[in-house]
Structures are given as C-alpha cells and as structure tokens.
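Asks: Protein chains in written order, with the numbering used here: chain A, 3 to 115; chain B, 8 to 123.
It should be emphasised that the hints constitute simulated quantities derived from the structure, not laboratory data. There may be inaccurate statements among the hints.
Stated by the list, open to error - Here are the simulated lysine-lysine pairs, DSSO-like style, with alpha carbons at most 27 Å apart:
hint, chain 1, residue 1, chain 2, residue 2
1, A, 114, B, 48
2, A, 28, B, 21
3, A, 71, A, 28
4, B, 73, B, 62
5, A, 71, A, 58
6, A, 58, A, 28
7, B, 48, A, 72
8, B, 48, B, 27
9, B, 73, B, 48
Note that this is a predicted model, so its numbers are computed, not measured.
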Amino acid sequence: SQQGEEDPQALSIQEGENATMNCSYKTSINNLQWYRQNSGRGLVHLILIRSNEREKHSGRLRVTLDTSKKSSSLLITASRAADTASYFCATDERSSNTGKLIFGQGTTLQVKP
Amino acid sequence: GAVVSQHPSWVICKSGTSVKIECRSLDFQATTMFWYRQFPKQSLMLMATSNEGSKATYEQGVEKDKFLINHASLTLSTLTVTSAHPEDSSFYICSAPTWGFQETQYFGPGTRLLVL
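Excised from the complex, chain A in its bound form (with noise of 0.2 Å):
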C-alpha cells in the first residue's frame, strides 16, 4: 500500500520561481528519493538522500529530511518550463530490506514561461 502522501498535489509557478514540495511516509526507511515523471514517460532519479543525512544539495536541487516527522521536502531553484513534470518521493522500508520502493501520491508541477 502507498505510504507516502505529498502536497501540494499541484503546483503552478512562473518560470524563475522556486517550488517547494513536501513528503511525509510512515515507517522508518533507509532513504528516500525523489524521481521526476515527464506525462506519459519513465521516471528519472532526481535525488537520494539517506536517513542519516539532513540536507542534500544537487544543482537547483535541494532536499531536506527530517526523520523525527517522518517528512522530506524537495526544492527546485529558479524554476524552468523544462522542469513542468510530476515528482514523486520514494522509500523503502528499513524492516524490510527488500528494496522495493513506496511512492508517494505527487506532486504535478507546472512552470509557466
């Protein structure tokens, strides 16, 4: 079952802008990440960060995780009409150890040029 829950559920920003999105899951994990969906298309690996870490930092990207509350939140710089997508976090549960990831709801992002 989907652990995760992320909001907003949509986004809509101008271009330069910067989107935040949030996730919250529910069980003690290993790491989350972040993946990017282009509508209709794969996902790209955007980020992982890992439960010991707090902050990860990759080019506009910036992602926090604080896992006392159990919740992540991706940050896109200076936004883009290229970075108009879905995103989704993902984690696997640390009891299980399978690497089978949890997906959160997402969240559509939508950069006006």
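Starting from the known structure of chain A, fit chain B onto it as the hints suggest.
Replies: Only chain B this time, still in chain A's reference frame:
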C-alpha cells in the same frame, strides 16, 4: 548511467488475450527487478518483486495467476498479463537496483497497455 529498457513501449490488445512485457537491464546484472503499475494521474503501485532463479513475490491484492512474472536471466524479467481485460489498461514500469538496495534504482521507460 545504468539503463533499463522495456519492450514494447505500447500495446493494444483485445480483451481475453495475453500480453508479455519485457524488462531488460542493458549494462548491469539485476538479480532483482520490480514491477509497478500506474493508472492515469496516479502514483506508482508496486505489483511484485521479480527474483532471478526463484518465484516472484507479489504485493497484497495482486493476482499472481493473472500477472505472471519470469526472471529467466540476470538481465531479463518478463511480466505477462494473462486474459487481459479493459481494467488492466495501465502504464507498467519496471525497475532494477544496481548496487544493492541502499542505492538508486533505475526505471524502464514504461509500457502502456490498452485493452479493448
């Protein structure tokens, strides 16, 4: 980076027929692969874990006799949707981890199935 391919990319079939979808890891070996299903405007739902050389592990609510999984080699897993019905129409995506479960997984481009 690691590449995972799927074939076909899309398929249209008549109700009652079976459809086979292939998932290949192109430049690495994968003893485990995962199959997900995604309905329009929804998230990915894990269907099953494909294990090379052994039986697949299915998630609760997924019929193993309807969704047959075969992981015949270290680079190929197949998902067969048997006796497909319109409600099976969906986007099917596979993934494979490269260096173990602590690392990232690479996803295939997906297969869109439409059952008429």
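Asks: State for each hint whether it applies.
Replies: Right, here's what the structure says about each hint:
1. A:114 to B:48: The given pair, whose Cα atoms are some 20 Å apart, holds under the 27 Å limit.
2. A:28 to B:21: Measuring from Cα to Cα gives roughly 40 Å; hence the hint is violated.
3. A:71 to A:28: Satisfied, since the Cα-Cα distance of roughly 9 Å is no more than 27 Å.
4. B:73 to B:62: holds (15 Å)
5. A:71 to A:58: holds (17 Å)
6. A:58 to A:28: Holds. Residue 58 of chain A to residue 28 of chain A sits at ~21 Å (cutoff 27 Å).
7. B:48 to A:72: holds (25 Å)
8. B:48 to B:27: Within the cut-off at roughly 24 Å; holds.
9. B:73 to B:48: holds (24 Å)
When the structure is compared with the earlier hints, a violation turns up for hint 2 alone.
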